[in-house]
Amino acid sequence: MHIQVVLFDGFDPLDVIAPYEVLYAGGTASDGAVTVELVSAEGPREVISGTGGLVLRAAAALDPERADMILVPGASGRVGGPGEVPQEGAGVGEWKQDEFIPVLLGRTLTTELPALLQQAMEDPDVTVATVCGGSLVLAMAGLLEGRHATTHHLGLDMLDATGAHAVRARIVDDGDLITGAGVTSGLDLGLYLLERELGPRIAHAVEELFAHERRGTVWRAHGPAPVAP
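Residue numbers (my numbering): 1174 to 1402.
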């Protein structure tokens, strides 16, 4: 299984590094059954995160025909209060430090990323995963209508407004779409992906290595719906 982790200007570093390191360790523990690389829609380049100007290098171009799984992070920046986030020009201008998160996410819509993600979503052989605001990138591109997904708790209303079924859970498994909630959920997402794709023994070995125990129940649309108390 080859996994491509997407970088875009203003990405959140922990959204990327946490699942990347978990998945890389899973590849080592499974003798190479998983490989992972950093990519961007534009191809190999230095990509500036939204946290202190930290830079990571995309080694290749995002390519749904070459990937079995694509993982999309969220952005790091200013949250902003009601009415503080600009409604106009969300995708205009160059990236800058301390930008509003909705602006950073909206700017991805002006790149080739939405078209590439749509190609991936339409391919039954490709699984798309997200951490935090990564699901909002898909939702803002019109790719999550009718799908069950989660995101950071501050973005759940926005996610729901796009036509997705927003679920307040740490990890949501909707088949070929797997989404994680807040930033640190990337660790849990990576471990769940290892368990789902390679089995619990590999996931457990990595969990022990990282001294991290997954939290919560992975939400899936299976079984009877709960009755309100």
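Hint data in this document are derived by calculation from the structure and do not stem from the laboratory. Just so you know, even glycine gets a beta-carbon here, dropped at the ideal spot from N, CA and C. Keep in mind that a hint or two might mislead.
[Unchecked claim] Derived Cβ-Cβ restraints for the label pairs, each shown as a range:
id	residue 1	residue 2	range
1	A1234	G1336	25 to 35 Å
2	G1319	E1386	29 to 39 Å
3	V1228	G1396	21 to 31 Å
4	T1208	E1381	15 to 25 Å
Cross-check of the supplied hints:
1. A1234 / G1336: 25 to 35 Å: 29 Å, holds
2. G1319 / E1386: 29 to 39 Å: 33 Å, holds
3. V1228 / G1396: 21 to 31 Å: 45 Å, violated
4. T1208 / E1381: 15 to 25 Å: 22 Å, holds
Taken one by one, the earlier hints fail for this structure only at number 3.
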